[in-house]
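Under this note's numbering, the letters of the sequence shown match residues 149 to 353, in that order.
Just so you know, not all the hints are guaranteed correct.
As the list claims (entries may be wrong) - With a straight-line Cα cutoff of 20 Å, these simulated PhoX-like cross-link-like pairs (lysine-lysine) come out: (1) Lys161 / Lys220; (2) Lys306 / Lys220; (3) Lys160 / Lys220.
Hints are computed from structural coordinates only; laboratory data are not their basis.
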Amino acid sequence: MAATSVLPVDQKKRILVIRVVFLAALPLILFVQPRLAIGTFGHEVVEAAGLMLLLVGVLGRLWSILYVGAVKNQELMRSGPYSMTRNPLYFFSTLGMAGIGLMLGAAFFAVLLGGLTFAILYVTATREAAFLRATFGEAYTAYERDVPFFWPDPRLYKSSDTVTFNSRALRNTLFDALGFLVAIPIVELIDALKTSMDFALFTVF
149 MAATSVLPVD QKKRILVIRV VFLAALPLIL FVQPRLAIGT FGHEVVEAAG
199 LMLLLVGVLG RLWSILYVGA VKNQELMRSG PYSMTRNPLY FFSTLGMAGI
249 GLMLGAAFFA VLLGGLTFAI LYVTATREAA FLRATFGEAY TAYERDVPFF
299 WPDPRLYKSS DTVTFNSRAL RNTLFDALGF LVAIPIVELI DALKTSMDFA
349 LFTVF
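Go ahead and model the full structure; you've got the sequences and the hints to work with.
Take a look at the structure:
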C-alpha cells in the first residue's frame, strides 16, 4: 500500500448532505401529482415496480457490504459486486432511491430522487477514487482500466468461494436498510395527504 496524504471521504457529511437535499425536495413531492391517479390500477402497478426496485437496492447494499465491510480503505476489493462496478454501494443506493420515487406513482419522482442521489454519490465516489488512487497506486489504476466507475457490467463478474465480513459494517448497513424500508409507510402517508388535499401545482408522468 502506498503512503498518501489524501484523506478518506467523511461519510457523515455525505449523509447530512443527502438528508438536507431530500428535505428540500419534499415540498415538490407533496404538491406534484402523478398523472396516474392515486388508487388506480396503473398507479398501483407503478408503485409495485418501485417497491421491487427498492428491495433490489436494499439487497444489493447488503451484498456489497459483505464484501467490502471488513477491508474498506485497507484492501482493494475486486470481487463480487466490486468486480462489476467500482461503486456498487452507491449504484444500489441510487437504485433504491429511484425505486422510492417510482413508488410515488410517476417516473418523474424516480428521476428526481434517483438523479439527486446519483449526483451526490457521484461527487463522493470521485473523491473516494482520488483517495484510493493515492493509497493503492498502480493497483487502483489497473482497477480503473478494467472495471466501470458506476454502472455495473455483469460480464465482468467474479467472486471468491469465501468472504470475511465485518459485523459492525453489516449491522450499520442493516440499520440503513431499515431507513430505506421506512419509505414504504412514508409513501403511503404522502399518498394519503395528496388525496386529502386534492391540490397540485402540476401533474407528471
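Verification of the hints:
1. Lys161 / Lys220: OK: Lys161 and Lys220 at ~18 Å, within 20 Å.
2. Lys306 / Lys220: Cα-Cα ~19 Å, so holds.
3. Lys160 / Lys220: holds (16 Å)
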